[in-house]
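Visitor: Residues per chain are reported as follows:
There are 2 protein chains.
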Amino acid sequence: MNKKITIIKVGGNIIDDDAKLNAFLSSFAKLKGHKILVHGGGKLATKMAADLAIPRQMVDGRRITDADTLRIVTMVYAGLINKQIVAKLNAHQCRSIGICGADANSIRAHKRKHATIDFGLVGDVDSVDTAALLSLLENELTIVMAPITQDENGQLLNTNADTIAQEIAKALAASATVDLVYSFEKKGVLQDVHDENSVIATMVHTLYEKLKAEQAIFAGMIPKLDNAFEAIRAGVNRVIIGDATALDALIEGKSGTVIC
Amino acid sequence: MNKKITIIKVGGNIIDDDAKLNAFLSSFAKLKGHKILVHGGGKLATKMAADLAIPRQMVDGRRITDADTLRIVTMVYAGLINKQIVAKLNAHQCRSIGICGADANSIRAHKRKHATIDFGLVGDVDSVDTAALLSLLENELTIVMAPITQDENGQLLNTNADTIAQEIAKALAASATVDLVYSFEKKGVLQDVHDENSVIATMVHTLYEKLKAEQAIFAGMIPKLDNAFEAIRAGVNRVIIGDATALDALIEGKSGTVIC
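Here the protein sequences come in this chain order: A and B.
Mapping of the first sequence onto my numbering: position 34 corresponds to residue 431, and the numbering continues sequentially without gaps.
Mapping of the second sequence onto my numbering: position 85 corresponds to residue 482, and the numbering continues sequentially without gaps.
No lab work stands behind these hints: they were computed from the structure.
Honestly, I wouldn't trust all of these hints.
Identical copies look the same in the list; a pair holds intra-copy or inter-copy alike.
[As the list claims (entries may be wrong)] DSS-like mimics (lysine-lysine), calculated; alpha carbons at most 30 Å apart, straight line:
hint	residue 1	residue 2
1	K508	K444
2	K444	K584
3	K651	K444
4	K427	K510
5	K427	K609
6	K508	K400
7	K508	K417
8	K508	K427
9	K440	K400
10	K510	K607
11	K651	K417
12	K510	K584
13	K400	K444
14	K584	K651
15	K444	K510
16	K609	K584
17	K584	K607
Bear in mind that the values here come from a model prediction, so they are computed numbers and not experimental data.
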């Protein structure tokens, strides 16, 4: 149980910005120990769909993953972005393997079930094969994970990257000390949404409930924080939310918001 | 040295044909022992480039991989086709991991040097990290390899899939008994190019030289056969060329051409 694993989700706004992404990857490559990088796709998939004149499918204001959209996100997330990140990390002497949840059957999912909306080819996670991930990590490989999964019938599914990071963290928490880091373009969870410097250093559940009741927390942060507390309840050591371009400070707890 | 590894390259015409690809994957999934599937991309990358209005770059009649084309082939080969194959093999209970040569630094390449033509972002293979590939195989994973590599500076490179299959076979021959299978839409090497049933069952080098001198061998087959004999000289056990939809018969030596 001495094994320590750091799982870092990097947000789309960082992926979209070459300079920020390179700075992030340079810091990430230097982190010691076992690590997994989970990435989303940023705006590139949306741009590619527009360039290919694939219409955006919306139902009740929610985006639907139809077959054409799935092809695009599989290409962009699991192909282009995944391999560009891997190649850069390798060049930084951080030996990396780029996979998605289908690879090595590492993440098993099913097509989302919903009472009223058919989200199309969107996957919700059933289970994570921790042995598959641990064997890669034990071979001194860093895992770069694209947010595509598959179901038992071989159907690829588009899956939320935050959720994938959380599910991997929860599953690995049974056999390792796991830190889960949500890194993006903001400095952390803010006390005052209008003040970028009002980062809450430590978020406990009572404070979260209070801030939520006061509607002081930015709506987009609520699913992240709900996920974070769920991960802590499931045995994850620390969840940290903060600036992807200050990764070292984040990991050391000198920046961002630590959820515990 | 008892380890046996089967490396199968599947050709583009099979990738392009859903029914043939499914039949091939169903047979491939059932093959016993360690195995590696190397795939190209078929016509999908060309179609995608056309749909995105990316002009085809040609120099002296040879196709050039510019930056836009590299993005397309990385998406299509390492993303869409690779993950579709992995998902189907997993559904056939053949636990697979889809990677390209950049992953785990498994294939190191350099940008092609040529006296007169700049082929663009095309990679020639320097070396194969057999330890990286063997550790995956020893974890009971089937490797699905897309023909993208990287150089030491993190530049992704478009690389010929036949060459990748051959280089992997040669490198692994030092530590295992390796069969290399080039499977495609034809039945094998033909004695008479106009007669699909004139398959040469066994090709030795003296016969090859004779047929080449007589110009009896289809021009497109010559690089494949040159590669095949080079692989045999480098220690590969058998090279088999034949019909992807008759995979069992190929492996058993009951179909196709065996080079030795």
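Visitor: Compare the structure with each hint and give your call.
Guide: Going down the list of hints, with the structure as the test:
1. K508 with K444: So K508 and K444 pass the 30 Å test inside a copy (25 Å) and across (29 Å) alike.
2. K444 with K584: Within one copy only: 27 Å inside a chain, 43 Å across chains, cut-off 30 Å.
3. K651 with K444: This pair counts as neither: shortest intra-copy Cα distance 36 Å, inter-copy 50 Å.
4. K427 with K510: neither (41 Å within a copy, 32 Å between copies)
5. K427 with K609: neither (36 Å within a copy, 54 Å between copies)
6. K508 with K400: neither (33 Å within a copy, 39 Å between copies)
7. K508 with K417: For K508 and K417, the Cα distance is within 30 Å only across copies (27 Å; inside one copy 34 Å).
8. K508 with K427: Between copies only: 27 Å across, 37 Å inside.
9. K440 with K400: neither (35 Å within a copy, 46 Å between copies)
10. K510 with K607: Cα proximity of K510 and K607: none, with 32 Å in one copy and 64 Å across.
11. K651 with K417: within (20 Å within a copy, 56 Å between copies)
12. K510 with K584: For K510 and K584, the Cα distance exceeds 30 Å both inside one copy (35 Å) and across copies (46 Å).
13. K400 with K444: Classified as neither; 40 Å inside a copy, 47 Å across copies.
14. K584 with K651: Within one copy only: 11 Å inside a chain, 65 Å across chains, cut-off 30 Å.
15. K444 with K510: For K444 and K510, the Cα distance is within 30 Å only inside one copy (28 Å; across copies 34 Å).
16. K609 with K584: within (19 Å within a copy, 68 Å between copies)
17. K584 with K607: within (21 Å within a copy, 72 Å between copies)
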